[in-house]
Amino acid sequence: MSTAIAQDRYSEVKDRFRSLFNVFEHALNGHRDDQLHGFRKAGIQRLDALDFPTRRDENWKYTSLNPLLQLPLQDSYAVTVDAATIDQLAIPELDACRLVLVNGILQPELCGLDQLPEGMSLLSLEEAFEDSEVQVQVKEMLEASVQNEHNPFSALNVAFARNGFFLKVAANTVVERPLHIMHIAAPTEGPVFINPQLLVVTGAHSEASVVETYHALDGANEAYFTNVLTRVTVGVNAHFYHYRIQKESEAAYLISNIDVEQQQDSTYSSYLVDLGGTLVRNNLSTVLKGQNTMTNYYGVYVAKDRQHLDNQTFLDHALPHCGSNELYKGILDDRGRGVFNGKVIVRQDAQKTNAFQQNSSLVLSNTAAMDTKPQLEIFADDVRCSHGATIGQ
Numbered sequence: 000m001s002t003a004i005a006q007d008r009y010s011e012v013k014d015r016f017r018s019l020f021n022v023f024e025h026a027l028n029g030h031r032d033d034q035l036h037g038f039r040k041a042g043i044q045r046l047d048a049l050d051f052p053t054r055r056d057e058n059w060k061y062t063s064l065n066p067l068l069q070l071p072l073q074d075s076y077a078v079t080v081d082a083a084t085i086d087q088l089a090i091p092e093l094d095a096c097r098l099v100l101v102n103g104i105l106q107p108e109l110c111g112l113d114q115l116p117e118g119m120s121l122l123s124l125e126e127a128f129e130d131s132e133v134q135v136q137v138k139e140m141l142e143a144s145v146q147n148e149h150n151p152f153s154a155l156n157v158a159f160a161r162n163g164f165f166l167k168v169a170a171n172t173v174v175e176r177p178l179h180i181m182h183i184a185a186p187t188e189g190p191v192f193i194n195p196q197l198l199v200v201t202g203a204h205s206e207a208s209v210v211e212t213y214h215a216l217d218g219a220n221e222a223y224f225t226n227v228l229t230r231v232t233v234g235v236n237a238h239f240y241h242y243r244i245q246k247e248s249e250a251a252y253l254i255s256n257i258d259v260e261q262q263q264d265s266t267y268s269s270y271l272v273d274l275g276g277t278l279v280r281n282n283l284s285t286v287l288k289g290q291n292t293m294t295n296y297y298g299v300y301v302a303k304d305r306q307h308l309d310n311q312t313f314l315d316h317a318l319p320h321c322g323s324n325e326l327y328k329g330i331l332d333d334r335g336r337g338v339f340n341g342k343v344i345v346r347q348d349a350q351k352t353n354a355f356q357q358n359s360s361l362v363l364s365n366t367a368a369m370d371t372k373p374q375l376e377i378f379a380d381d382v383r384c385s386h387g388a389t390i391g392q
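The numbers in numbering that gives the first Met the number 0 rise by one with no breaks, and the one at position 268 of the sequence shown is 267.
Don't take every hint at face value.
DSBU-like, lysine-lysine: derived pairs with alpha carbons at most 30 Å apart [what the hints assert, rightly or not]:
#1 K60 - K246
#2 K351 - K303
#3 K288 - K342
#4 K138 - K303
Have a look at the derived ranges for each label pair, beta carbon to beta carbon [as the list claims (entries may be wrong)]:
#5 A26 - E132: 39 to 47 Å
#6 F378 - A89: 40 to 48 Å
#7 L88 - E11: 36 to 44 Å
#8 H386 - S131: 29 to 37 Å
#9 D81 - P116: 35 to 43 Å
#10 N324 - E221: 37 to 45 Å
#11 P186 - Q146: 23 to 31 Å
#12 H320 - Y297: 19 to 27 Å
#13 S284 - V135: 17 to 25 Å
#14 Y76 - D380: 53 to 61 Å
Quick caveat, the hints were computed from the structure, so don't treat them as lab data.
Heads up, the beta-carbon is just placed ideally off N, CA and C, and yes, glycines get one too.
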């Protein structure tokens, strides 16, 4: 694709998102003058300075966004779902507090937010802006998403933020019951644009878990685009466990951006099961901002038919005495395609780093494919690091 053609296409896509934002903004009614809406407008304006990635970009070499960017997206809207359906979709025997979003829109009658465990508080973004204890953190996290230099989808998520949430875990608290966020895609007339957003801050010496599940109801056969944004700050000596089970419709497009910061002595663990979607891209990035941290990335993916599942991970070891474990395993069948691109940087000051990275895949048909690229960049001398990839047939 020539530069001129790419720019023309970018211009057309951006114009469509701007038009969609005007529709979205009009529907906000009395919420167009609050602080959150200022960030929404900054998010849509940020598109002027950003381009959508193409396969010419090294990190998108194996994934084309053309089918997604050509969708005639419309603003999402809620569809009535009964409690019995939610119970059927829930994870059996999981004792958790539920947060239910249908097409990205909160369904209070299906939630159990009045049962939040002690030490865990969940605020809407509007409520968080009014809370003097957290409003500075919320603004900083949203600003970082808007100003992301390489990812227009983070800015778009902020622009179309409808039911974003701020989760705070109190210091010196062990929260045994997880928060279970259920993302439900219900049938719609035409492709909708869904933008879930979750900001998480865990206090010092705390421990908590979040489970996110993605479901498609029967009849949700129309293409739709779920654009997820999650930012996590793990406090000093805190432990946060993040589970994601993705079972979207075969017509679904999903891009997930998760950005994590870890403070001293903290642990962040990510567990991903990727099963659904026609085109899925997971961007998971962690920056270690304190010594003695531990980061765990574990993923399982199964691509069949014509599914395209792309996992991009990044770990930045900037300080000494930190560790990381990364293990992704996948199965590819039919015409399914998988992509793994994992990058670990060990900076000059990050002595005594212990980093492990492995991607293993099994290709079951001659028409399936797997592209894997584990990467290590080491600028320190006293480290223990290994990485590898295997593809079996």
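Tell me, in ascending order, the numbers of any earlier hints that this structure violates. Numbers 2, 4, 5, 8, 9 and 11 - these are the hints that the structure violates, sorted from lowest upward.
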